[in-house]
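**Q** Chain residues, written in single-letter form:
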Amino acid sequence: MSIVEVRELVKKYPSFELKEVSFTVDAGRITGFIGRNGAGKTTTIKSMLNLVHPDGGEVCYFGKPLQGNETEIKKHIGYSTGTVNWYPRKKIRDIVDIVKRFYDTWDDEAYGKYLAMFRLDETKTPLELSEGMKVKFNLLVALSHRAEVLILDEPTSGLDPFSRSELLDVFEELKKDGVAVFFSTHIISDIEKCADDIVYISGGRIVAAMPREEFIAQHSAPGETLEAAMLRMERGEGNA
Amino acid sequence: MRNIMRKELKLSSSPLAFLFIAFGAMFMLPGYPVLCGAFFVTLGLFQSFQTAREANDIVFSALLPIAKKDVVRGRMLFVCFIELCGLLLMLVSVVVRMTVLSEAGLYRTNALMNANFFALGGALVIFGLFNLIFVAGFFKTAYQIGKPFVIYIVIAFLTITVFEALHHFPLLGALNAFGTDHLGLQLSLLAAGVVVYVLLTALAYRKGCRSFEKIDL
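Protein chains in written order, with the working numbering: chain A, 600 to 839; chain L, 866 to 1082.
With the rest of the complex left out, here is chain A (with noise of 0.2 Å):
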């Protein structure tokens, strides 16, 4: 079942276009949001969370349209955006302390649980984390109030290979219980590590979304990886 429906959406920058993307994401699917830098990851992304206002098109959650419907959408989405700093001079206690009452889903046990699985100390504060570790301080908020979709900008970014694998397998966790992962990155062994569905944007224009054994079905050729096909079709050297 389609938890979100991206419907032909549009926005135009003086030197970007974002052209008519349109893809959907399932319940107890992974779907990995791929793109090189500059591809219109983000821009769609906003766009999905409302930040950024579409010239065209729209996003649906469970069927209702992101517009009209946003703070009881929101109650149910993970959000998590790479290194931003949030607050950061403030204590991961107390800034969690203020979000937690936001959620009425708020799950005390899932948070002890990443927080011990992401080795954060709740007493440092965003300035004192690595670029890694902010990232796992984003994601356990978005994981901690058990979101029916999550959708994380670049989550693997800056996080080293065994933190790296370690997140992985929370999305596939996340899968069993029926939750829409949705990942943006621009590293393709992530997408072959996981993903069930690959959203690859490319120029602002969505050029393939499907599931992972019909991406390669359809643009790789025999033995090629996905990363292979996916730089040749990057330089614009079409399907195998």
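In short, the hints are calculated from the structure, not lab data. C-beta: ideal position from N, C-alpha, C; glycine also. Careful, some of the hints might be misleading.
Unchecked claim - Quick look at which bits of chain A chain L covers, simulated, 3 or more residues with Cβ under 8 Å:
#, region
1, 644–652
2, 684–694
3, 697–707
As the list claims (entries may be wrong) - Here are some chain A residues the structure puts well away from chain L; computed CB gaps all over 10 Å:
#, residue
4, ARG606
5, PHE717
6, ILE786
Given the structure of chain A, go ahead and fit chain L onto it with the hints provided.
**A** Positioned in the frame of chain A, the structure of chain L alone reads:
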């Protein structure tokens, strides 16, 4: 709304916003343009906006499960809370000057305006201008604080100058009443200040919501 206010108080605000409430006590200073006290209270708020901006507070708030207008409402409530704390201190100063110090020569020989109910109304006008020019101006971009603050400074000081000058004009001497003189007029002027403050703040909130809804973060 309690949650967003708690966030404003505990995460977004600068300690200076709370410390600068103390400038409300400038209403006790003799021979000083007392309405500058109201300006200094808003200076603390300006610092607080800067602190919040550095902490990426606006995007953080916009991602919480609340409507965007609630982000504006939370900030406006915080601003009003600080302003009203400052006003409370000014009120205490005014009452002290009207009662136990009503005959103090230091205040009686003051060329500048007396700290009375009219001055309290004036402070409310300054606060209302801050809300309309600075707070609503900030939400046009959600990052630019310099330009709306400079515009506010110019208009606030022009307004202070007008308030300071008024009682020197013929027939307007009662504006500078001491003790309980002209109490009816003084209370009416305070009520007018309250009305102006409420109107300017309501307008600022509406403008802020409209602008904030339109911008990309």
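**Q** Going through the earlier hints one by one, which of them does the structure break, listed in rising order?
**A** none
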